[in-house]
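**Q** Okay, here's what each chain looks like letter by letter:
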Amino acid sequence: MIEIILILLAPFVGGLLYGFERIVRARMQNRQGPPLLQPFYDMFKLMDKQALMIHPYHTLLGILHFLTLWIVVALVICGANLLYIVFLHLFSSLLLVVAGYSVRSIYSHLGANRELLSIVAYEPLLIALSVAFFILYGSFDIEVIRENKSALLELFPLFLAFLLLLPIKLKKSPFDAAEAHQEIVGGVEIEYSGIFFEFLYMAKWLEYIFVYLLLFLFAGDSLLMASILGVIVFLGINLVDNATARVRIDHLLAIVMGIGLTLAVLNLIGLSYV
Amino acid sequence: MFKKFRKKSPWILHYNAGSCNGCDIEILACLSPKYDLERFGVINTGNPKQSDIFLVTGPVTMRSRERLVELYTQMPEPKVVIAVGSCTCTGGVFRDMYNVEDGIDRYIPVDVYIPGCAASPELIIDGVVKALDILEKKTKEREKPFRLFKDFTLKDGIVSRRESALRIGDDDAKD
Ligand code: SF4
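First to last, the protein sequences are chains Z and D.
Quick note on our numbering: the first sequence kicks off at 876 and runs consecutively.
Quick note on our numbering: the second sequence kicks off at 370 and runs consecutively.
Any given hint could be a false lead.
Claimed, not checked - Computed spacing ranges between beta-carbons, pair by pair:
#1 D:N390 x Z:M903: 25 to 33 Å
#2 D:K403 x Z:P910: 54 to 62 Å
#3 D:D502 x Z:L1098: 30 to 38 Å
#4 D:V462 x Z:F966: 54 to 62 Å
#5 D:K403 x Z:F962: 45 to 53 Å
#6 Z:M903 x D:D502: 43 to 51 Å
#7 Z:A1120 x D:A398: 36 to 44 Å
#8 D:V462 x Z:Q925: 31 to 39 Å
#9 Z:S1102 x D:K499: 55 to 63 Å
Because the hints were derived from the structure by calculation, they are not lab data.
All values derive from a computational prediction rather than experimental measurement.
The beta-carbon is built from N, C-alpha and C at its ideal position, and this holds for glycine as well.
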């Protein structure tokens, strides 16, 4: 029962989180920032706008991206198989990439290229994460992970690698080259407007929920630790976002593949042989 | 039903139609910590398809006018146009020069004029707030630019730049 309520509420919680984050970011810059409900105001405004459609499949792919992401979040909440979830999430990102390639705007193509490259960068980390949990507990099920106590110490290098992955998924600098609001005008989002952009906007909120739920896996069964991790990571990410500039996509690939993958592989080797 | 939310989340598209950059700097100053336009929910999007307010600076040079009209036609309704700076309203210091058109209202309908060379951030904020009142009253009927660059008979009045480009510098038009 509680799961169903959580699943239905997920986009709204994501929206609140997004609004709260905008306030935190503004306060860090010594500004007042928008109201907490700003994402929902944006949402209602977008519903009221005239919607321009490029072609039906493009819009459909955007909506499907949102729906599959919602299913991913639902599966995480229900405690399903982590490996399935990682691949379903990959599928959901790929839908957006295909949508990006399906229109003629060069910015959309550029955005889709960069999105693909960043998927190449972070996907091995997610898989390494599930494999590490499998080595520890002998099961990919999130339910099992949640029943055991925190594995943060055993998985510390992977946790560091996961921190590298966060800004990519949340579209934060230094790793937001895929979306790059100034240079390529939002990349794949560029051709969406009105209520159809709405779905991508909400998908972004779901992405927040997904990433933080994955983060909570490191805390195991301890709620206290999950909240501490959540708060620290939340503040840290925003601080880094405010303090750094965007890196180029090839540097992103080099950094995340170089540092993140090394850490992840070392951790896996350590887990299986030590 | 959702009309009152228009006021709460205006997304801005900023276009420089050949200005001296004085007014652009003032617009950026509005978004900076001191004036903080974001507290009204303003985002500087840079994508015409997702924005509500078109902030234009500059007197419309010959080079920039097709882009101006094109950006304007790409914005979905309802939308408002704000002319920031004297040169955008009337031509200002550039008036009657050979390479500029005097003001953007020769090409697209303007809702709010903000005078000043350069317009101060306070004035720009006042102008944006004024524009929000206008935005709330607008209907979703399609507004058209006054002039386009082709003798079109197209119903929606939208034409791609590639088709119209040859027509612009009349002398060396190739067709
Ligand atoms: S109004 Fe003055 S300061 Fe502003 S863009 Fe025009 S010339 Fe520059």
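**Q** Does each hint hold? Answer for all of them.
**A** Going down the list of hints, with the structure as the test:
{"no.": "1", "hint": "D:N390 x Z:M903: 25 to 33 Å", "verdict": "holds (28 Å)"}
{"no.": "2", "hint": "D:K403 x Z:P910: 54 to 62 Å", "verdict": "violated (20 Å)"}
{"no.": "3", "hint": "D:D502 x Z:L1098: 30 to 38 Å", "verdict": "violated (48 Å)"}
{"no.": "4", "hint": "D:V462 x Z:F966: 54 to 62 Å", "verdict": "holds (57 Å)"}
{"no.": "5", "hint": "D:K403 x Z:F962: 45 to 53 Å", "verdict": "holds (48 Å)"}
{"no.": "6", "hint": "Z:M903 x D:D502: 43 to 51 Å", "verdict": "violated (32 Å)"}
{"no.": "7", "hint": "Z:A1120 x D:A398: 36 to 44 Å", "verdict": "violated (21 Å)"}
{"no.": "8", "hint": "D:V462 x Z:Q925: 31 to 39 Å", "verdict": "holds (37 Å)"}
{"no.": "9", "hint": "Z:S1102 x D:K499: 55 to 63 Å", "verdict": "violated (45 Å)"}
Of the hints listed earlier, those the structure fails to meet are numbers 2, 3, 6, 7 and 9, in rising order.
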